Amino acid sequence: MYSYLEQELQSRFNLFKLWQQPPSKIPEFLKSNQRTIKAVVSNARVGADAQLIDSLPNLEIVASFSVGFDKIDLKRCEEKGIRVTNTPDVLTDDVADLGIALILAVLRKICPCDGFVRSGKWKDGDFGIVTFPCFLLQFSSKPVGIVGLGRIGSAIAKRAQAFGCSISYHSRTQKPLKHYKYYDNIVDLAKNCSILVVACSLTDETRHIVNREVIDALGPRGILINVGRGAHVDEPELVSALLEGRLAGAGLDVYEDEPEVPDPLLRLDNVLLLPHVGSDTVETCNSMADLVLANLEAHFNSRPLPTPVI
Amino acid sequence: MASPAADEDLPQVLLIKNPPAFAVLGEEHFTSTKFRYLKAFESSLPLHDFLAAHGGSVRAILASLSVVDASVLDLLPEVRVIATTSAGLNLLDLPECRRRGIKIANAGDVYSTDVADYAVGLLIDVLRKISASNRYVKQGFWASKGDYYPLGSKFCFQLRGKRIGIVGLGRIGYQVAKRLEAFGCSIAYNSRKAKPGVSYPFYQTVQELAAKSDALILCCGLTQQTRHLVNKEVLAALGKEGVVVNVARGGVIDEKEMVRCLVEGEIAGAGLDVFENEPEVPKELMELDNVVMSPHCAVRTRESLMEVGRLAVGNLEAFFSNEPLLSEFEDD
Chain A
1 MYSYLEQELQ SRFNLFKLWQ QPPSKIPEFL KSNQRTIKAV VSNARVGADA
51 QLIDSLPNLE IVASFSVGFD KIDLKRCEEK GIRVTNTPDV LTDDVADLGI
101 ALILAVLRKI CPCDGFVRSG KWKDGDFGIV TFPCFLLQFS SKPVGIVGLG
151 RIGSAIAKRA QAFGCSISYH SRTQKPLKHY KYYDNIVDLA KNCSILVVAC
201 SLTDETRHIV NREVIDALGP RGILINVGRG AHVDEPELVS ALLEGRLAGA
251 GLDVYEDEPE VPDPLLRLDN VLLLPHVGSD TVETCNSMAD LVLANLEAHF
301 NSRPLPTPVI
Chain B
1 MASPAADEDL PQVLLIKNPP AFAVLGEEHF TSTKFRYLKA FESSLPLHDF
51 LAAHGGSVRA ILASLSVVDA SVLDLLPEVR VIATTSAGLN LLDLPECRRR
101 GIKIANAGDV YSTDVADYAV GLLIDVLRKI SASNRYVKQG FWASKGDYYP
151 LGSKFCFQLR GKRIGIVGLG RIGYQVAKRL EAFGCSIAYN SRKAKPGVSY
201 PFYQTVQELA AKSDALILCC GLTQQTRHLV NKEVLAALGK EGVVVNVARG
251 GVIDEKEMVR CLVEGEIAGA GLDVFENEPE VPKELMELDN VVMSPHCAVR
301 TRESLMEVGR LAVGNLEAFF SNEPLLSEFE DD
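These protein sequence lines map, in sequence, to chains A and B. Position 201 (the first sequence) corresponds to 201 in this note's numbering; numbering is contiguous. Position 16 (the second sequence) corresponds to 16 in this note's numbering; numbering is contiguous.
These aren't lab readings, by the way, just hints derived from the structure by calculation. It cannot be assumed that every hint is accurate.
What the hints assert, rightly or not - So these bits of chain A aren't anywhere near chain B, every CB distance computed over 12 Å: (1) Arg-12; (2) Pro-23; (3) Lys-25; (4) Thr-36; (5) Gly-47; (6) Thr-92; (7) Phe-116; (8) Ala-155; (9) Asn-185; (10) Glu-244; (11) Gly-245; (12) Arg-267; (13) Pro-275; (14) Thr-281.
Said to hold, decoys possible - With a straight-line Cα cutoff of 35 Å, these simulated DSBU-like cross-link-like pairs (lysine-lysine) come out: (15) Lys-232(B) - Lys-178(A); (16) Lys-31(A) - Lys-162(B); (17) Lys-17(B) - Lys-178(A); (18) Lys-71(A) - Lys-175(A); (19) Lys-193(B) - Lys-121(A); (20) Lys-123(A) - Lys-195(B).
To be verified - Between beta-carbon pairs, the in silico distance windows are: (21) Asn-185(A) - Glu-233(B): 38 to 44 Å; (22) Phe-41(B) - Asp-269(A): 25 to 31 Å; (23) Glu-330(B) - Arg-45(A): 54 to 60 Å.
None of the values given here were measured: they were computed from a predicted structure. Just so it is clear, CB atoms sit at the ideal spot from N, CA and C, and this is done for glycine as well.
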């Protein structure tokens, strides 16, 4: 857990640290403390499923240190009158910044370039001709397609526009105030862009929204960027597309089974892999932590919750 | 393609080195019916011997990453134009060229967007540890060791609200500014003189700019005035949380001093596309996770290489047709 959050929780509440328990001991741990636990603090990777919720009969609130709540069984919480909160807005800029960073790093091969210099190979010869992937791709003015034009998607669009990119998007509904080109299906979006960015929330409808058909539509000159959730993308299909050269590259911050990353991707220079760090700046983590604490304090003092999901 | 007989009548354009655009994309994109290339790099003779033997009637040079100084120009008495595929002109002896009435056609605005894009990419990489995190994951550490940040602490920084100091608000600097504004950064700059019609705050010296910046982005040319412009005092003014991004020339920074600052934590990080003595890179930098380096490739996109090669050809064709150059360099 983020140390600032842990310290604050420890000083204000009675904190039970589930991550310190070996997995086999968890049921026992929960059972012996189930009477006293009234709140759960979850994050993007570890949520509150039905099993956890059911094992805590006095649970009143799940406060997530994330904006996504796909790992929380909302239905079960609703049935039991349990409140759920998240951390929207404070991390929008950081995730959008990361989206653009991924695009630039993939197209311009910033990481392989850095590796090339670190390895000492630059001294050995004219890198552009012999040993180095010289076809670096321009970002400015390329057509960008965004899946999900919510807070994060809009922030990504705003930044990409500053690079002269044209923006198009797909989402559940068209956004009348946004003057970007709308596609009511993701395959058409993919056909008409060269950079596809996933920035929507994970729901039953958006699971594997980027599948073989979408990858084929994006094509061998296209790149895929995912700052949503790993489950948005059919990961095995993505891997084979990259291995077979049916996609030019990918920048990923999220995966289907974190922290597991498909092994073949580890060796590809045209793929950038980050360990789910979308909102991992000091400033934003502090803001997210403050929001978690504010939601908990509000709940236990019977005040309106700042950022409720339900 | 001109027939061999007609070809020999065409005026010659000297190529000292093979331009990256030709090598990477293929020379066939850059031929012309108005001239032919004289390729010094294909000869086993040292350059000056080659020029002494063949340079007498050459009227134009297509310069790319090669030094053109008095000793070279002495052997090329008929040269009246140099078209360069480089953004920077520091390898050309400009006063000598002026003295001999030689016009310079440079890369114009071709590279500006790509260099600006790259500068932004380097800055975010340094602040958010993109390359370092990517290395971490690719070494299998995320699964085996856990999250990149030890003990639940974070050491990456937000872009929003950062104060960006641009050194050299020319075409490249201006494009960097426009991009970073969209990320919520504030912009200030230092240039030879303040730019009329620009609303960003102007600082007379780089040191003053550094004192008021969280990140310095170097976008100026390398001249006598800008050599080691970013020195000990400037780096001290930038401070422990400051970051430097250099897409200009290595010589703009006192490299030894910068390395010392990075090693000792006197500045927070650096993104460097250029170095004082390429391809030599200070070995101390290789160990640092808060430094991102690249082999002088900020201009190297397929699109830019094609455009700059075509522009050089266009300039040369204009010259041989007695028309104005497309992108004449005017020293202001």
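> Taking each numbered hint in turn, which are not upheld by the structure, reported in ascending numerical order?
Replying inline: 6, 7, 8, 12, 13, 14, 15, 16, 17, 19, 20 and 21
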